[in-house]
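Student: Two chains, two frames, a set of hints: combine them into the complex.
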Amino acid sequence: MSDTDQNQIHDAIGQAIEQHETILFMKGTPDAPACGFSARTVAALQALEAPFAAVDVLPDPRIREELSAISQWPTIPQLFVRGELVGGCDIVMEMYESGELAQTLGVGDGGAEDAHELPDEAEAVAPGLTQIENRLG
Amino acid sequence: MPNAEEIKQRIEAAIPGAQAEVEDWTGGGDHFKATVTAAAFAGRSRIEQHRLVYEVFGAEIGGPIHALSLKTQSPAWPPSTPPQARQPPTSGAQSPEPSPQ
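Protein chains in written order, with our numbering: chain A, 1 to 137; chain B, 1 to 101.
Looking at chain B on its own, in the form it has when it is part of the complex (with noise of 0.2 Å):
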């Protein structure tokens, strides 16, 4: 049976960057709540992104994991410098990479 902690360092392995907080949604080991966020999710739409998460698992959802709830996000400051950063370095006010909402 999957816990928590399982599901969060699939997630994360999987997809370059990511970082996943899990829960247990009811402690009975199958129902969890994800929030991911990853630099990859960017520019994707939410239907792209939350399937970039259910491809970790396969079949796997609707089986030993009966539900899988989502929330992803692209990061709203990424750690490092994005590959194609746009703002210039001297404008403040530009907003960081447009998230897909």
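One chain only, chain A, in its complex shape (with noise of 0.2 Å):
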């Protein structure tokens, strides 16, 4: 009976990621993201205005489970684009500095811009972490 379950799920994410072009998996919603990280990537998806869906997996563990097993990534958040993994928030910061992200995302390439006004370079690795590092919980 689990089993079915589990395949329920399973085959749910892999036609929910078949079928957004740029879907989300986090914690939380992007309006009330439950951690810093998926908090981060929904900030930069919002910030190049690149719609998306978005899919919390905290309601029930085994989302998380067999969205792992499919994408062979541990962590949360993961942000598919056509059926892809682009990454987790680490490679999507990274990408959205260098403007990679709105051209993966096909939207303009604000990110890119608001990156090079980053006051500190050295901090480049974790952009707008300050403001948002209380959240790690």
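Quick caveat, the hints were computed from the structure, so don't treat them as lab data. Certain hints may be false.
[Stated by the list, open to error] Computed spacing ranges between beta-carbons, pair by pair:
no., chain 1, residue 1, chain 2, residue 2, range
1, B, GLN73, A, GLY14, 29 to 35 Å
2, A, ALA34, B, GLU21, 27 to 33 Å
3, B, GLY58, A, GLU84, 29 to 35 Å
The beta-carbon is built from N, C-alpha and C at its ideal position, and this holds for glycine as well.
Tutor: Okay, here's the thing in structure tokens:
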């Protein structure tokens, strides 16, 4: 019985990834992210005004289990574009800074402009960290 | 509970030639930030590079290691000549091994 449920979740995740051009699996929702890494990833997508579907993995631990089985990626968030895993928070932020994310998403490259205004080059690994560090659970 | 030094040593032991800088991000022993430089990353996508590091810890990621934030790169100038060095010795303008980015 639980196997069937788990398979259904597996299939539903696979379909969701296929059916949405841009889909983010995250902790919490875009309006109320439940983790700093998910919050940063949402912020990057929103800064580029990129439309995206979002799935909260928290309501059922099996969502995360099955997602990681599909993606071979252990952490949340996970961003998929056109059916492919783009990355987690670190990669998405790196791509946001370089302008690559806008390119991948097919939106304007506002992200690169913003990134160049970051005051401290040395902190480029984790821009915006200072604003959200408190939220890291 | 893992500490930053242990995580650094495990990454360096598992990925040949890797150099890792690891810090305990929050001081709580469960959120770490690592910058890993390894020739093994050359020619691999960022996703694959991060997977290589995550694989070192398996199920510990999301467990005792609540979060491991990663930045990966292949060395700009390998300390030793890479096996497939392409640049002729006379060309100073040649780029090193291209980064996957």
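Student: Does each hint hold? Answer for all of them.
Tutor: Here is what the structure says about each hint:
1. With their beta carbons about 32 Å apart, B:GLN73 and A:GLY14 fall inside the hinted range of 29 to 35 Å.
2. Taken as a hint, the range 27 to 33 Å holds for the pair A:ALA34 and B:GLU21, whose Cβ atoms sit roughly 29 Å apart.
3. A hinted range of 29 to 35 Å for the beta carbons of B:GLY58 and A:GLU84 is inconsistent with their spacing of about 24 Å.
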